[in-house]
Amino acid sequence: MSQVIPVFKREFLGYFRSPVAYVFLVVFLMAAVGLAFFVGRFFDAGQASLESFFVFHPWLFLFLIPAAGMRLWSEEKRTGTVELLFTLPITTLEAVVGKYLAAWAFLSAAVVLTFPMALTVGFLGDPDWGVILASYLGSILMAGSYLAVCSLTSALTKNQVISFVLSVIVCLVLVFLGWSIFSELLESFLPLALADLLANFSFVTHFEPFTKGIIDPSDIIFFLSLTGFALFLNVVALER
Amino acid sequence: MKPSAKITAIVLLFVGLVLVNYLASQLPFRGDATAEDIYTLSPGTKSLLSKIEEPVTLDFYFSSGASGLPISYKNYANRVEEMLRQYDRAARGKLILNVIHPEPDTPEEEAAARAGIQPQVIPGTGEQVYFGLAATHADLQEAMSTFNPQREQFLEYDLSELIQRVQVFEKRRLGLISSLPLQAPEFNPMMAQMGQRPQPAQFIIGEWERSFEVLPIEPDATELPANLDVLVVVHPQALMPELEYAIDQTLLSGTPVFVAVDPSSEHFKRQAGPQQQMMGGPPPNTTSDLPRLLRTWGVTYSTESVTGDLRYGAQVNDGRGGIARFPHWLQLPAESFNAEVMPTAQLNSMVLVEAGHLAPIDDSGLTFTPLIQTSDQAGDIPAMMLQFAQPDALAQSIKETGRQTVAAMVTGEFKTAFPQGKPAPPPAAEGEEPAPAVDNTPGQTSGSGTLVVVADADWLMDSYSVRRYNFLGVQAAEPINDNLAFASNLIEFMAGSKDLISIRTKGSSQHPFTVVRDMEADAQKRYQQQLEALEGRLSDVQRQLTELQSQVGDGGMLVASPEVADAIAEFQAQEAEMRRERRDIRRALREDIDALETKLVLINLFAGPLCIGAFGLWFRQRRRRA
Numbered sequence: 001m002s003q004v005i006p007v008f009k010r011e012f013l014g015y016f017r018s019p020v021a022y023v024f025l026v027v028f029l030m031a032a033v034g035l036a037f038f039v040g041r042f043f044d045a046g047q048a049s050l051e052s053f054f055v056f057h058p059w060l061f062l063f064l065i066p067a068a069g070m071r072l073w074s075e076e077k078r079t080g081t082v083e084l085l086f087t088l089p090i091t092t093l094e095a096v097v098g099k100y101l102a103a104w105a106f107l108s109a110a111v112v113l114t115f116p117m118a119l120t121v122g123f124l125g126d127p128d129w130g131v132i133l134a135s136y137l138g139s140i141l142m143a144g145s146y147l148a149v150c151s152l153t154s155a156l157t158k159n160q161v162i163s164f165v166l167s168v169i170v171c172l173v174l175v176f177l178g179w180s181i182f183s184e185l186l187e188s189f190l191p192l193a194l195a196d197l198l199a200n201f202s203f204v205t206h207f208e209p210f211t212k213g214i215i216d217p218s219d220i221i222f223f224l225s226l227t228g229f230a231l232f233l234n235v236v237a238l239e240r
Numbered sequence: 001m002k003p004s005a006k007i008t009a010i011v012l013l014f015v016g017l018v019l020v021n022y023l024a025s026q027l028p029f030r031g032d033a034t035a036e037d038i039y040t041l042s043p044g045t046k047s048l049l050s051k052i053e054e055p056v057t058l059d060f061y062f063s064s065g066a067s068g069l070p071i072s073y074k075n076y077a078n079r080v081e082e083m084l085r086q087y088d089r090a091a092r093g094k095l096i097l098n099v100i101h102p103e104p105d106t107p108e109e110e111a112a113a114r115a116g117i118q119p120q121v122i123p124g125t126g127e128q129v130y131f132g133l134a135a136t137h138a139d140l141q142e143a144m145s146t147f148n149p150q151r152e153q154f155l156e157y158d159l160s161e162l163i164q165r166v167q168v169f170e171k172r173r174l175g176l177i178s179s180l181p182l183q184a185p186e187f188n189p190m191m192a193q194m195g196q197r198p199q200p201a202q203f204i205i206g207e208w209e210r211s212f213e214v215l216p217i218e219p220d221a222t223e224l225p226a227n228l229d230v231l232v233v234v235h236p237q238a239l240m241p242e243l244e245y246a247i248d249q250t251l252l253s254g255t256p257v258f259v260a261v262d263p264s265s266e267h268f269k270r271q272a273g274p275q276q277q278m279m280g281g282p283p284p285n286t287t288s289d290l291p292r293l294l295r296t297w298g299v300t301y302s303t304e305s306v307t308g309d310l311r312y313g314a315q316v317n318d319g320r321g322g323i324a325r326f327p328h329w330l331q332l333p334a335e336s337f338n339a340e341v342m343p344t345a346q347l348n349s350m351v352l353v354e355a356g357h358l359a360p361i362d363d364s365g366l367t368f369t370p371l372i373q374t375s376d377q378a379g380d381i382p383a384m385m386l387q388f389a390q391p392d393a394l395a396q397s398i399k400e401t402g403r404q405t406v407a408a409m410v411t412g413e414f415k416t417a418f419p420q421g422k423p424a425p426p427p428a429a430e431g432e433e434p435a436p437a438v439d440n441t442p443g444q445t446s447g448s449g450t451l452v453v454v455a456d457a458d459w460l461m462d463s464y465s466v467r468r469y470n471f472l473g474v475q476a477a478e479p480i481n482d483n484l485a486f487a488s489n490l491i492e493f494m495a496g497s498k499d500l501i502s503i504r505t506k507g508s509s510q511h512p513f514t515v516v517r518d519m520e521a522d523a524q525k526r527y528q529q530q531l532e533a534l535e536g537r538l539s540d541v542q543r544q545l546t547e548l549q550s551q552v553g554d555g556g557m558l559v560a561s562p563e564v565a566d567a568i569a570e571f572q573a574q575e576a577e578m579r580r581e582r583r584d585i586r587r588a589l590r591e592d593i594d595a596l597e598t599k600l601v602l603i604n605l606f607a608g609p610l611c612i613g614a615f616g617l618w619f620r621q622r623r624r625r626a
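Quick mapping for you: the protein sequence lines, in order, are chains A and B.
Under full-length UniProt numbering, the first residue of the first sequence is numbered 1, with each subsequent residue one higher.
Under full-length UniProt numbering, the first residue of the second sequence is numbered 1, with each subsequent residue one higher.
The following block holds chain A by itself, in its conformation from the complex (with noise of 0.2 Å):
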């Protein structure tokens, strides 16, 4: 794995050096921040806290970060430069986790980047920075599970807008599946513990005790086992 850092470190600056990321990064900050404030009614709520900035997150993803991976690899595929890339000295395995760790690094720092919105709060009131600190470590942790199925859709196609859309897809379903209606379809066909099993790997369901403040070592482990395995189907896809 010696070559991650190297397309680590290519990747990551290739993206301060296109104008598009820049353009993500205001429309993603910009995005939260509205509607936090305009959706979420974070001010007329008046309470120091950011829940109803956090609330939104999962959906925000939903778009803004198929967005940012459909380019991943459809991109080098289209262009050809996948062939080049691979008669360098590296191997599938790397280059999957070196370009996924840089474009996670990306969008850990737009995450970031709100700590305006964590500033107002403290500025207002006296929030729980425990609950924050933890409601940004389920966000950046959610994002790269995000990440992880936008990079394997981007590796099934040379297509930029059918790997956007098959991502919104799957994300979508992953959204869904914390949702009591969709669960209760999935039991009206599947066993009871095999649906029960599916309405677990929401994103939801999994990002929400973050919120709280609670840190369950089972919601780390699946969004990290989440992003391994979709990585996985990465290298897959992309040695076929």
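I should point out that these hints are in silico values taken from the structure, not numbers from a laboratory.
Note that this is a predicted model, so its numbers are computed, not measured.
It cannot be assumed that every hint is accurate.
Here are the simulated lysine-lysine pairs, DSBU-like style, with alpha carbons at most 35 Å apart [stated by the list, open to error]:
no.	chain 1	residue 1	chain 2	residue 2
1	B	Lys2	B	Lys171
2	A	Lys212	B	Lys2
3	A	Lys9	B	Lys2
Some chain A residues well away from chain B (every beta-carbon gap over 10 Å; in silico) [stated by the list, open to error]:
no.	residue
4	Lys9
5	Met30
6	Glu75
7	Glu83
8	Phe86
9	Leu93
10	Gly130
11	Lys158
Note that beta-carbon positions come from the ideal geometry of N, C-alpha and C, so glycine has one too.
On the provided structure of chain A, position chain B as indicated by the hints.
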């Protein structure tokens, strides 16, 4: 890798993924990042568990096999089960935990029903679900009939309380004297035939009944039941002197006494209603007091004035779609509560409605400990004013006198308020049998005791403490503040079970915007004089206008001279102008806060993008140089 090997690897990895997540969900620990360790067992619970002598069996019933269960419900069941496992570990073998998933028509389902677990019906599927806990100790069994996700913040308290309850073979006795209808009124079976349902008791009674046998005492009683563990006197009105004497002697004999008096009971005001007063009925007696007892016990309290607070005044729906700040309704934040004393140490918010205030009498020799205090922007409002004045006028009438105490604990060596012994009953009217001779033996003249006085009684009523709602067909209530917690804490504390107190209010912590609250109070102060002056001018103009208008009408004929008509028009214009000014001032009260909101929205919207822009420029220049 061959395609078949790939597929095998993918399948194996997927099975591994599911397995890892299943095993992870069984892990017995989790981190708690909250400042108050909301999700960690509190020392109170640990202390309580360490005191268990004989093992307590906990049967946790959850119908996990039912279809159509809301996800949130399943998650909550996991949370409860996990917390029970925490209890199990902390009790070091003194708890036996059984997790039971009852299926329909099985012995487990029968056992759940027998234990008192109430089945809930899932809307849609109509399936019955059991989600409750039965605790058994020796031959005593108590149950929590249903778990309610809305009570998550009280989960630990509820569990500990159940474990505590099952170990107490005899309930402690709570004597209750109350003019407020805290208990369920008697229900006439005739009313049931007419389709009416019995009125439930106020929620606080249920809370007290969990740990106590509540013994109601009528205000016209002359004696108290024997062997009380705690005596509660709520809104005492027209008590018999003999009963006052009995209360006095109870305190002196060491039984703790809790008194809630009120200079203005919102409950009775609402009962009377404006209609009754318009029909010439006498104004209702909304005050309560125990003047003789309180004075002797070193507490001053007056029914003449109500405490107003410019800072902690509650925001109340004014019924016209707006929000008004009521300085006479106290929305008390965490800093109002005495953090040094057990019953108030963990409270976060309470609502008191038209409360009075208390102060110590200097030479009483007793220890007066404030439990709940207002902000330093508080002052008196004459109780009479509450009947007529609008919230703004009430706020203007407050002359700030600094922090006021609205609840206090008094301890020490109390003296009797009846040095002459038991008072004689009133002489019998003609035709009545004379009262039996009074036992003249002098009572106890002094004794050490614990007294808690709260200068408001309404806060105990459901209207100001809980929101009732229907949860899966079961009537449930969700606390809207810590009023109930305080009432239960206090009685638990006074009756001696201190372990439960440290648990009760965990997790209900509110983090209000203190900056906004201070700005509101400042603005109120700043514009108070302007508003006062304007209100004065406005009422002058309105008076003159009314006078002029009354001269105009004469038997229905208009006889106004042009001069008078001009004057009326002039005054009307002035009135309209002043009303506009008043609106402007009221708007100005919110102006700073609205401006702050706009500023914060802009900073938050643009701070991040500006940082990114600056970084982008720096990065570009660095690349160029390199």
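Structure-based check of each hint:
1. Under the criterion of a C-alpha separation no larger than 35 Å, the hint pairing Lys2 (chain B) with Lys171 (chain B) is inconsistent with the structure, at around 73 Å.
2. For the given pair, Lys212 (chain A) sits about 46 Å from Lys2 (chain B) by alpha-carbon distance, which is inconsistent with the 35 Å threshold.
3. At roughly 33 Å between alpha-carbon atoms, Lys9 (chain A) and Lys2 (chain B) fall within 35 Å of each other, so this suggested pair holds.
4. At roughly 14 Å, the least C-beta separation between Lys9 (chain A) and chain B is larger than 10 Å, which holds for a residue marked as non-interface.
5. Distance check on Met30 (chain A): its Cβ comes as close as 6 Å (rounded) to a Cβ of chain B, failing to clear the 10 Å threshold; non-interface status is violated.
6. At the 10 Å boundary, the C-beta of Glu75 (chain A) stays outside the reach of chain B, the nearest C-beta of that chain being 21 Å off.
7. Listed as a non-interface residue, Glu83 (chain A) keeps its Cβ farther than 10 Å from every Cβ of chain B; the least gap is roughly 19 Å.
8. At roughly 15 Å, the least C-beta separation between Phe86 (chain A) and chain B is larger than 10 Å, which holds for a residue marked as non-interface.
9. Taking the minimum C-beta to C-beta distance to chain B, about 12 Å, the non-interface status of Leu93 (chain A) holds against the 10 Å cut.
10. Listed as outside the interface, Gly130 (chain A) is inconsistent with that label: its C-beta sits roughly 4 Å from the nearest C-beta of chain B, within the 10 Å cut-off.
11. With a cut of 10 Å on Cβ distances, Lys158 (chain A) stays outside the contact zone with chain B, its closest approach being about 21 Å.
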